[in-house]
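Protein sequence lines, in the order shown, are assigned to chains A and B.
With this note's numbering as the guide, the letters of the first sequence map in order to residues 1 to 96.
With this note's numbering as the guide, the letters of the second sequence map in order to residues 1001 to 1889.
Be careful, since some hints might not be right.
Unchecked claim - Below, in silico cross-link-like pairs of lysine-lysine (DSS-like), each with a Cα-Cα straight-line distance of 27 Å or less:
no.: 1; chain 1: B; residue 1: Lys1563; chain 2: B; residue 2: Lys1372
no.: 2; chain 1: A; residue 1: Lys76; chain 2: B; residue 2: Lys1096
no.: 3; chain 1: B; residue 1: Lys1640; chain 2: B; residue 2: Lys1653
no.: 4; chain 1: B; residue 1: Lys1090; chain 2: A; residue 2: Lys16
no.: 5; chain 1: B; residue 1: Lys1795; chain 2: B; residue 2: Lys1759
no.: 6; chain 1: B; residue 1: Lys1090; chain 2: A; residue 2: Lys76
no.: 7; chain 1: B; residue 1: Lys1760; chain 2: B; residue 2: Lys1876
no.: 8; chain 1: B; residue 1: Lys1759; chain 2: B; residue 2: Lys1096
no.: 9; chain 1: B; residue 1: Lys1795; chain 2: B; residue 2: Lys1876
Rather than coming from a laboratory, the hints here were simulated on the basis of the structure.
No experiment lies behind these values; they were computed from the predicted model shown.
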Amino acid sequence: MNNESHDQIRPLSDRKTSDRSMILLLVGCLLLTPPLAGIFQLDIRILGIPFTGFYLFAVWAGLIAGAAALARRIQKSADWDNPEDTQHQQDMDSTD
Amino acid sequence: MLSIDLLLAVCLGYVALLFALAFYVDRRARQGHARWIQSPIVFTLSISVYCTSWTFYGAVGSAARNGLEFITIYLGPTLVFIGWWWLLRKLVRIGKVHRITSIADLISSRYGKSSSLAVVVTLMALMATTPYIALQLQSVTRSYQAIVGEVDLTLSALVIAGGMALFAILFGTRNVDANERHHGVVAAIAVEAVVKLAALLAVGLFVVFGVAGGVGSVFENIDTDVIYGAGNIFDARWVTLTFLSATAIICLPRQFQVTVVENVDERHLATASWLFPLYLFGMCLFVMPIAIAGLKFLPEGANPDLYVLTLPLSLGREDLALLAFLGGFSSATSMVIVAAIAVSTMVSNHIVVPISLYLLHGRHEVSGDVRKILLTSRRVSIAAVVGLGFLYFQVSGGSDALAAIGLIAFVGVAQFLPSLLGGIFWRGATRNGAMAGLLTGFALWAYTLFLPSFGGSVILSADILTNGLFGLAALRPQALFGLAGYDPLVHAVIWSLGVNTLVFMVVSTLSEASPLDRLQGALFVDVFRIRSNEATRFEPGQANAEDLFVLAQRILGTEPARKLFDSMAHEQGLSSGLPWPTDAMIVQLERVLAGNVGAASAHAMVVRVAGRGSISMTELIDIADETQRLMEASRELSNKSNELTKISNQLRKANQQLRQLDLQKDEFLSQVSHELRTPMTSIRSFSEILLSPETVTEDEQHRFISIIYEESQRLTRLLDEILDMSRLEAGLLEMPLSNVEADAVIDAAIDTLDGLIRKKDVRIELQSSADPVCVLANEDRMQQILINLISNSIKYNTSEQPVISIRSESSGDSLHIDVLDNGGGVKREEAAAIFDKFSRGHRSNLDHGAGLGLSISRAIARNMGGDLTLEFAADKTSFFRLRLAQKQG
Chain A
1 MNNESHDQIR
11 PLSDRKTSDR
21 SMILLLVGCL
31 LLTPPLAGIF
41 QLDIRILGIP
51 FTGFYLFAVW
61 AGLIAGAAAL
71 ARRIQKSADW
81 DNPEDTQHQQ
91 DMDSTD
Chain B
1001 MLSIDLLLAV
1011 CLGYVALLFA
1021 LAFYVDRRAR
1031 QGHARWIQSP
1041 IVFTLSISVY
1051 CTSWTFYGAV
1061 GSAARNGLEF
1071 ITIYLGPTLV
1081 FIGWWWLLRK
1091 LVRIGKVHRI
1101 TSIADLISSR
1111 YGKSSSLAVV
1121 VTLMALMATT
1131 PYIALQLQSV
1141 TRSYQAIVGE
1151 VDLTLSALVI
1161 AGGMALFAIL
1171 FGTRNVDANE
1181 RHHGVVAAIA
1191 VEAVVKLAAL
1201 LAVGLFVVFG
1211 VAGGVGSVFE
1221 NIDTDVIYGA
1231 GNIFDARWVT
1241 LTFLSATAII
1251 CLPRQFQVTV
1261 VENVDERHLA
1271 TASWLFPLYL
1281 FGMCLFVMPI
1291 AIAGLKFLPE
1301 GANPDLYVLT
1311 LPLSLGREDL
1321 ALLAFLGGFS
1331 SATSMVIVAA
1341 IAVSTMVSNH
1351 IVVPISLYLL
1361 HGRHEVSGDV
1371 RKILLTSRRV
1381 SIAAVVGLGF
1391 LYFQVSGGSD
1401 ALAAIGLIAF
1411 VGVAQFLPSL
1421 LGGIFWRGAT
1431 RNGAMAGLLT
1441 GFALWAYTLF
1451 LPSFGGSVIL
1461 SADILTNGLF
1471 GLAALRPQAL
1481 FGLAGYDPLV
1491 HAVIWSLGVN
1501 TLVFMVVSTL
1511 SEASPLDRLQ
1521 GALFVDVFRI
1531 RSNEATRFEP
1541 GQANAEDLFV
1551 LAQRILGTEP
1561 ARKLFDSMAH
1571 EQGLSSGLPW
1581 PTDAMIVQLE
1591 RVLAGNVGAA
1601 SAHAMVVRVA
1611 GRGSISMTEL
1621 IDIADETQRL
1631 MEASRELSNK
1641 SNELTKISNQ
1651 LRKANQQLRQ
1661 LDLQKDEFLS
1671 QVSHELRTPM
1681 TSIRSFSEIL
1691 LSPETVTEDE
1701 QHRFISIIYE
1711 ESQRLTRLLD
1721 EILDMSRLEA
1731 GLLEMPLSNV
1741 EADAVIDAAI
1751 DTLDGLIRKK
1761 DVRIELQSSA
1771 DPVCVLANED
1781 RMQQILINLI
1791 SNSIKYNTSE
1801 QPVISIRSES
1811 SGDSLHIDVL
1821 DNGGGVKREE
1831 AAAIFDKFSR
1841 GHRSNLDHGA
1851 GLGLSISRAI
1861 ARNMGGDLTL
1871 EFAADKTSFF
1881 RLRLAQKQG
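This is chain A alone, in the form it adopts within the complex (with noise of 0.2 Å):
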C-alpha cells in the first residue's frame, strides 16, 4: 500500500529492482530454513568439507552477490527517494 504512490513516479525498471529484491528474500528464506534445506543436509563431502556447511555458506555468499547487484542497480537509478531528494520528488509529483 504504502509503495502504490511511489510506484507511480518511479520508471518501471527501478520497479523491477525492487521487485526482484523481494524476490531475493524469499528465495533466502526458502533456502536457508526447512523443509527445503533439509534436502542439502547430505552425508557428503566437498573438497573434505561437509556438505551442509558447503551448502549453506555457498546460498549465504550467493545472496550477499544478488544484494550487491541489486544495490548497485538501486544506487544508479536516478531518482532515489531521500529526503534530500525530495524537492526532484516533489517536481515530478507536480508534473504528474
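Position chain B relative to chain A; hints supplied.
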C-alpha cells in the same frame, strides 16, 4: 604466558587510542572536516555492533556444542538486510521524518505520542539489556582471567564497566540532540569492528592453515554429529533462531540506535544491504574450524566459549592470543557503549524528563536551562545502565544462566516486533492494542523463559518449574498448557510472540484509537507518500511565540534556538523578530524538540506552552487524508477535464431532447384541449337552446338532443383514446400475448366493418398465403389495429370505386400485413408526421376522429413486439404495413 603488565599496557594503550580517535574525530567533525566518517562503509561497520563478545567467543562455543546451528544467528540479519528495501528503508525514513530517538520513542510516537507506552518499552528494553551488558563484562573478565590466571573478577569488571561508562558519557552525550550522529563513538566502534573481524580471521587462518594444514584436513576424522548437531539440524529450533536473530537486528535497542537513529543517509542502507551480510559471513567463516580444532587439541573440559583465546595460547601463539583478546574486548566494549547510549536515551527521555517536567510543573516560567537537566539525566542514565549491568554480573556472574542470556534477550526484545511492524504497516493498530500486546508478551517471556533461566533461584522456585504454579501442571513455565516436548526457547517464542501478536491485533480492532493515534498512524504507514513538510497543518491553538522561544531556548540552548527561530521567521518572509506561531511553525518546533527529548515529552511541553485544546477527530482525519486526496485529485484532474467535456456534450444533447419533449407536450395539451373543445362547444350551445323550450319545435328538440348525444359519444371516445394512449406510453396497458391465426383476425375485422363497407360500396381484396400463419399477438388489440387501418382507408377514400386490398405474407420470423387502397395514398412529406398524435393526412377533409388512431395502433403494435409503418411501393403508392412476430417453432 603473557605477563599481566604487558596485557594491561596493551589494553590501556588500545583504550587510549580509542579515546584519542573519538576525540579527534569529534573535533574534526565539528569543524566540518569529517565527511569520510559519514561514508556507507563506516555506517556498515557501526552496525556490526551486533557482533558482541557473545558472537566473538560464544559462536565458537555454540559451534562446539551444537554444530552449525550458530549460523542462524547471522542468517536472520542477513535476510533482513537483503530485504532492506521493504522494512529498514521505511524505518529509517520514519526515523528521519519524525526525528525518532529510540525504539521506545518510535513506538510511543506512533501510538499517539503515548508516554505510558514509552515507559513500558523503556523498562522492557532495560530489562533485556542489563543482563546482556553483564554478559559482556563477564566475557571480558573471563578472557582476562584465561590469559593471566587468577584475578579479582569484581575489580576488573568494575574497572571495565567504569571505563565504558566514561567513554559513553564523554562521547555519547556531547550534544543534547540524540538525533545527531555521535561521530566519535561511531569512529571508535568502526575501528573496533575492524579489530574484531581481523582477530577472528587471524585466529581462523592460523588454525586452518597453521595447525590443521588445509581446509580439507580440518574436517578429517570428524563425526558428522559434531557438525550437524544431534540429528536433524533443520528443525523448529533452527527456524526459531533464524527468526529471532532477524527480529533482534531490528528490535535490539543498540541496533535501532546505529541503523535508524544514527543513519545520516538512506543511501547507506543500500551498501549495508550486502556489506553487512558480508561482514557477518567473514565472522562466521572460521567459527566451525576453530571449534573443531578446539575439540581436537584442547583438553577435555576446556570452556568452548574461550576456544578463540585458549587455542592460540595453548599452541604458543601469544601474539595471536593478544589479538584475540583485543577482538573480544572490542566486541564487548562497543556493545556496552552503544547499548548504554541507546538505553540511557530512552531512560532519560521517557522516564527522567517526564518526571522532572512534573516536578517543575507550575514554575516553568523560571528560566531554568532544561538542556542541563537533559544532559545530566542522560549521563546519569548511562552510568546507571552500566552500573545495573555490573550489579547483575555481580549477582549472577559465573552462572550458566548468563551464558544463555543472549538468546533470552533476543526473545525479550522480539516482543517489540508486533507493535513495531503493526505500527508502520497497519493503520488500524492502536495504542491499547500495542500496550496489551507488549505487556502480555513480556509477561509470558518472563514466565516461560527469563525467570526459568535462573534454574529456580529467582522468583520462580524449582518446585514451580517442575510442577507448575500453584501445583497446576498446566501452568508449568516450560510446558505451558501442556505444550511439552519443545525446546524451551521454541516453547517461549511460540507462547510469548504468538499471544503478543494475537492480543495486539484483537485489542487493536476492539479499541478506539485516539485522534493523535490515528494521525500518527497515517503519517507512519504512509511515510513515503507524505512529504515531511506537508503533514504539518494540524492542531489549532493560540500560542505565544515568546513562550515557544523560551521553551526552545531551555531545551536547545540560546544560540541554536535563536538560529532555529530566525530561520523559521525567514521562511515566513519576516526580516526580523520572532516567527508567527502558525501551526506549521509549532509542528516544526515540536519535531526539533522531539529529536532531543522524544516525541511524547516534546508534545507534552509544546502543548503546555501553546495551551492547545483537544483536537477534533474530523479535523485530524481530514489532514491525514489531505495529501492523499491532493495527489489523487491532481491525477484525476486531467481525466476529469476530458470527462467533463464529454458530459457537457451529453448534457447539451439531453437538454435539447428535453426541450423538444416539452414542446411536444405543450402541443399535445393544446391539441387535446382543442379537440375536447369542439364537441363541448356544440353540446353547450345546443343545451342552451334546449333550456328555453318555447323557441324550439319538438322536431328540433329531438334533433338537438341526438346531436348532443353523438357529441358526448365522440367526447367519450376521444377521452378513451387519450387514456389508452397514455396507458400505452406508460406501459400500463396489459396485453397478454398468445398465438393467433392472422387470417382469422383479418376476417373478423372485415366482418366488424361490414356495415361501413356495404354503405360505401367498398370492394375488399384479400391475398394471403396458402397455409394459415400464427402470430404472437393479442387478438383484440390486433383486431383494433386492423379495424383502424381499414376504416381509415374507407373513410378517407375519395375514389369513385373504392378498392382496399389486404395481403399478408411471411418474411423471415415475422408476418407482414399490408393494407393498400386506391384512394390517393399518403404524401411523402406527410409520412414522417402521420403517426404523430392528432395528425391527419390531407385526405381528412371530413373530420371523423381525433387523430390518435394511428399513433395508438403503432404503440400497440410495438407493445406486441412488432411495428406499424408506412411503406412506399415502387410505383410511389403508399400502404400501411403491420409487422408481427410469427409463432416460434
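Hints versus structure:
1. Lys1563(B) - Lys1372(B): 19 Å, holds
2. Lys76(A) - Lys1096(B): Status holds; Cα separation ~23 Å.
3. Lys1640(B) - Lys1653(B): Distance of about 20 Å is within 27 Å: holds.
4. Lys1090(B) - Lys16(A): OK: Lys1090(B) and Lys16(A) at ~18 Å, within 27 Å.
5. Lys1795(B) - Lys1759(B): 11 Å, holds
6. Lys1090(B) - Lys76(A): Holds - the C-alpha atoms of Lys76(A) and Lys1090(B) are around 20 Å apart, at most 27 Å.
7. Lys1760(B) - Lys1876(B): Cα-Cα ~26 Å, so holds.
8. Lys1759(B) - Lys1096(B): It is violated: about 104 Å lies between the C-alpha atoms, which goes past 27 Å.
9. Lys1795(B) - Lys1876(B): 21 Å, holds
Comparing the model with each numbered hint stated earlier shows that hint 8 is the single one that does not hold.
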